[in-house]
Amino acid sequence: MAISTPNWRSIYFITIGIRFCFTLGDSYIHPDEHFQSFEPLGLLLGYSTNPPWEFSAEAPARSYALLMLLYYPVIYLSSTFGLLPLQTRYLARLELMLVSWVVTDWCLYRMLPTKQERIKAIYFALTSYVTLVYQSHTFSNSVETVLVMLTVFMINELRFLSTTPENQYNFREIGILAAGIGVVGAIGVFNRVTFPAFFVFPAFFYLQCWRKWRLLILFTGVPFLIVSALFIVADTAIFTQTSVWTILKTFKWDQYKVAPLNNLIYNTHHANLAHHGIHPYYTHAVINLPQLLGPGLAFVFYGFKNRYWRTTPFVTAASGLFFLSLVPHQEVRFLIPVVPLLCCCFDMEVFDRKPTSSNDENNKEKTDNATEPKSRRTGALPAAVLNLWYLFNLALALLMGIYHQGGVVPAVDYLHDFIYHDPTDKSLDVTAQIWWRTYSPPTWMLGDKHNSTQFITLSDDNVDFFIDTSKSNLLFDTMGLEIDLLEKVITTVKSSAAKTYLITPVASFNKNFDCPHKVIWKIKQHLDMDHLDIGDIQTLQPELGIFELL
1 MAISTPNWRS
11 IYFITIGIRF
21 CFTLGDSYIH
31 PDEHFQSFEP
41 LGLLLGYSTN
51 PPWEFSAEAP
61 ARSYALLMLL
71 YYPVIYLSST
81 FGLLPLQTRY
91 LARLELMLVS
101 WVVTDWCLYR
111 MLPTKQERIK
121 AIYFALTSYV
131 TLVYQSHTFS
141 NSVETVLVML
151 TVFMINELRF
161 LSTTPENQYN
171 FREIGILAAG
181 IGVVGAIGVF
191 NRVTFPAFFV
201 FPAFFYLQCW
211 RKWRLLILFT
221 GVPFLIVSAL
231 FIVADTAIFT
241 QTSVWTILKT
251 FKWDQYKVAP
261 LNNLIYNTHH
271 ANLAHHGIHP
281 YYTHAVINLP
291 QLLGPGLAFV
301 FYGFKNRYWR
311 TTPFVTAASG
321 LFFLSLVPHQ
331 EVRFLIPVVP
341 LLCCCFDMEV
351 FDRKPTSSND
361 ENNKEKTDNA
371 TEPKSRRTGA
381 LPAAVLNLWY
391 LFNLALALLM
401 GIYHQGGVVP
411 AVDYLHDFIY
421 HDPTDKSLDV
431 TAQIWWRTYS
441 PPTWMLGDKH
451 NSTQFITLSD
461 DNVDFFIDTS
471 KSNLLFDTMG
481 LEIDLLEKVI
491 TTVKSSAAKT
501 YLITPVASFN
511 KNFDCPHKVI
521 WKIKQHLDMD
531 HLDIGDIQTL
541 QPELGIFELL
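Heads up: the sequence shown at position 16 corresponds to 16 in UniProt numbering, and the numbers run straight through without jumps.
To be clear, the hints were calculated from the coordinates, so they are not data collected in a lab. Bear in mind that the values here come from a model prediction, so they are computed numbers and not experimental data. Glycine included, every Cβ here is placed at the ideal spot set by N, Cα and C. You may find that some hints are simply not true.
Claimed, not checked - The calculated DSS-like cross-link candidates involving lysine-lysine, where the alpha carbons are at most 30 angstroms apart (straight line), are:
no.	residue 1	residue 2
1	Lys449	Lys494
2	Lys252	Lys305
3	Lys471	Lys494
4	Lys115	Lys252
5	Lys449	Lys511
6	Lys499	Lys449
7	Lys494	Lys518
8	Lys499	Lys511
To be verified - Ranges between beta-carbon positions, derived for each pair:
no.	residue 1	residue 2	range
9	Thr164	Ala383	36 to 42 angstroms
10	Lys522	Lys488	44 to 50 angstroms
11	Asp536	Pro73	43 to 49 angstroms
12	Pro73	Lys212	37 to 43 angstroms
13	Asn272	Asp460	15 to 21 angstroms
14	Pro73	Asn167	51 to 57 angstroms
Produce the complete structure using the sequences and hints provided.
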């Protein structure tokens, strides 16, 4: 089954516009897309923010220097032109989308041997909702996809050159590829400590190349160590607020902040992972991978006769899937990098059944006649799977790219204009926001440059809090707090605040509240997937509201 060139080109240009639409959309896939990017970086813009524990100065588990490397152009433009938080967010997502687009397409084009293979891989990668939606969101997994693709390309190039006669390549090319693996590998580790999981199996190809070029490890190791050292020194300077010269002058091992090491230590404790969720070891393979590829899995695993199982992309995807499955905390976004890799391995001939040849002419004629209807049927099967692929990705793109927690960012932007718009307002009246049954609001987007906001996070296990009387704005992230506990929180807050706003799905408000209120703002494009009740159709109402509690 081949993909026609006109069809491929039409789809390619159509998806360009679709990419921009989803990039500038309001969906909110996971809190980390804010809290591991611009929530800590918001400090550079002068905002009062609520950085997560990963950026604590004592034992940081995320690299601040890496975030600055990734997003400094956005920070610079935002500071220079005085952009609003929402505009800054658009810039960051456009940056990620463009980088991901260029790198992924370029790697697929350079890595695959024939035009038809290139068209197939890019075609399926660009029609995947993961590419259209996830790759523009600012969590580390989107960045990891770009770094994985670059590393796979370089390993694949080394693998190819190792089988090429020496008079057809030069050693400078080998050195550049080896050094590139070291540089990208270091960035990958400081981006996500799980990055090496994708390259345990492909390391076999690298070692085969090392047997031919003995200096290969040196050309890889030295750049890796240099880049890692730069990140460590920069992070140490940032988290300890010390100059680089002072750090280098007083050389002490215990003064350095090694974010990947702290992250690894944290995640090796089962009790820590339990805070984020413990999953069965089969979750990635049985639940998460089908969520990402859907019907496309048939092109990879149908009959277990895929022709690409020895290729670098397939081995890399298998390595990531296997070793990430050994970690008991498994989220679907952890597998994002395998999507473009497995799109390379979609076997369009996997459904073909060729008739068995025979020396007997009569038997051959019977065989041909008998298998002709089957050929038509098997030809229809990949076409059906392809149509299911389109429907699957269209549905998931709309869900994850528009509706999934899609009201949170517009609500924060509205509150930025509604509460924080007037920098000269010296009112001492306390205003409280209570967020319930939503993802944690990206507080950096409130644009609070006067340190006027107190951030309070509550849960069923911890509902105790105190109110800082020096703050004129209170923000409560109550997550999925039980309704009886939430009502107690609201009663306490209303006694201290002049105005109290509840930001929650409209369905949750209508079902649980019957109190005097005023509807301040609503948005239809919001779906709360965490509190759906299939038996109650009212909970399926896709809408978020801001309610003033009177």
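So, going through the hints one by one against the coordinates:
1. Lys449 / Lys494: Cα-Cα ~25 angstroms, so holds.
2. Lys252 / Lys305: violated, 55 angstroms
3. Lys471 / Lys494: holds, 15 angstroms
4. Lys115 / Lys252: Between Lys115 and Lys252 the Cα gap is close to 55 angstroms, so the pair fails against 30 angstroms, i.e. violated.
5. Lys449 / Lys511: violated, 37 angstroms
6. Lys499 / Lys449: holds, 21 angstroms
7. Lys494 / Lys518: Status holds; Cα separation ~15 angstroms.
8. Lys499 / Lys511: Within the cut-off at roughly 23 angstroms; holds.
9. Thr164 / Ala383: 36 to 42 angstroms: holds, 39 angstroms
10. Lys522 / Lys488: 44 to 50 angstroms: violated, 26 angstroms
11. Asp536 / Pro73: 43 to 49 angstroms: holds, 47 angstroms
12. Pro73 / Lys212: 37 to 43 angstroms: Given a distance of about 40 angstroms, which is inside 37 to 43 angstroms, the answer is holds.
13. Asn272 / Asp460: 15 to 21 angstroms: Holds, since Asn272 and Asp460 (Cβ atoms, about 19 angstroms apart) stay within the stated range.
14. Pro73 / Asn167: 51 to 57 angstroms: Distance hint for Pro73, Asn167 is violated at roughly 43 angstroms.
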